[in-house]
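Construct all of the structure, not just a fragment, from the sequences and the given hints.
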Amino acid sequence: MSGTGTNTADDPLQTAVWRLRSRGCWADAAALLDHHATTDAGAALQRAALLVERCLYTEQGWADAEDALRAAEALAHTDEERGAAACERGQLAYAATLLKTRDRSDEARSAFGRAAALIAPGAAGRALLDFRRGLMSENLADSPQAARAAYRRAHAGATAHGDALLLSFTWRHLAGLALREGELVEARHGFTESLRIREELGYLVGTAPALVSLAEAEPDPDTKARLRAEAGRLFRLLDGVPTWLAGILPIQQAPLLDESPRGPGQSPAA
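If you're matching positions, the sequence shown starts at 1 in the working numbering and goes up one per residue.
Heads up, a few of these hints could be off.
Unchecked claim - Pairwise CB distance ranges (calculated):
{"no.": "1", "residue 1": "A31", "residue 2": "R152", "range": "34 to 40 Å"}
{"no.": "2", "residue 1": "A16", "residue 2": "R70", "range": "21 to 27 Å"}
{"no.": "3", "residue 1": "E200", "residue 2": "A246", "range": "38 to 44 Å"}
{"no.": "4", "residue 1": "T15", "residue 2": "K100", "range": "32 to 38 Å"}
{"no.": "5", "residue 1": "L140", "residue 2": "R19", "range": "30 to 36 Å"}
{"no.": "6", "residue 1": "A146", "residue 2": "P12", "range": "37 to 43 Å"}
{"no.": "7", "residue 1": "D28", "residue 2": "Q145", "range": "37 to 43 Å"}
It is worth saying that the hints were derived from the structure and are not from the lab.
From the three backbone atoms N, C-alpha and C, an ideal C-beta is built for every residue, glycine too.
Rendered as structure tokens:
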């Protein structure tokens with residue numbers, strides 16, 4: 001699940017799920033799907049994806065995510081459903097490895113490979129899979145060239161399918177690679193686009209990381225400080241979520257530190 005941040009069908013349930021998810025209330029969003037998830041494969045996959053995302057942002061809820069994922073896998077019958085479940089399985093294993101809960105890198109690679117065999121090229125779910133494989137290449141394999149190629153495929157797929165939220169992710173991570181190479185103009189453009197999309201969608205939980213990243217590509221000290229101060233305000237508003245911003249945006253302090261283990265504000269997947 002990437003989610004577009006929009007609800008073209010005007011479905012009250014999906015509107016409520018999005019509002020909770022965008023504010024970092026993943027457990028509450030998942031609870032809205034409990035009834036449907038017992039029999040409907042799509043709802044079960046969405047519920048599992050919400051709880052997997054919570055693990056990456058909060059470093060908590062691993063057992064709940066595993067349970068939800070097993071339930072979704074049991075209900076999946078089509079190649080598309082099985083591929084989506086494998087993609088979430090890979091993401092959960094990736095998150096556990098990245099956040100040093102447990103080394104599950106082999107499981108992540110296997111699951112993403114299984115998803116690639118099941119999700120047809122050009123399908124909506126392929127863009128999200130490409131993005132996540134890019135994360136593996138960048139953060140676990142330390143292969144920026146492979147990551148860039150995967151992010152570009154994901155970016156093209158997200159554009160084709162109108163997935164605005166996923167575009168905010170691909171813009172941001174392509175910009176992060178550009179920043180690593182000293183391409184400040186390209187990096188600033190990508191970070192600006194990512195922030196713009198997230199603000200338009202109301203994706204509050206992803207806005208602080210976007211602000212911090214943009215600050216890193218900003219040459220003006222006053223603008224940099226303003227962006228960091230706003231990121232710190234949002235971080236505190238969400239009670240320290242995403243947790244991996246804690247070293248950059250201390251809950252009790254602002255202005256903010258300049259250091260980060262993967263480049264300031266460049267998060268695992270946000």
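- Could you tell me which of the numbered hints above are not met by this structure, giving the numbers in increasing order? 3
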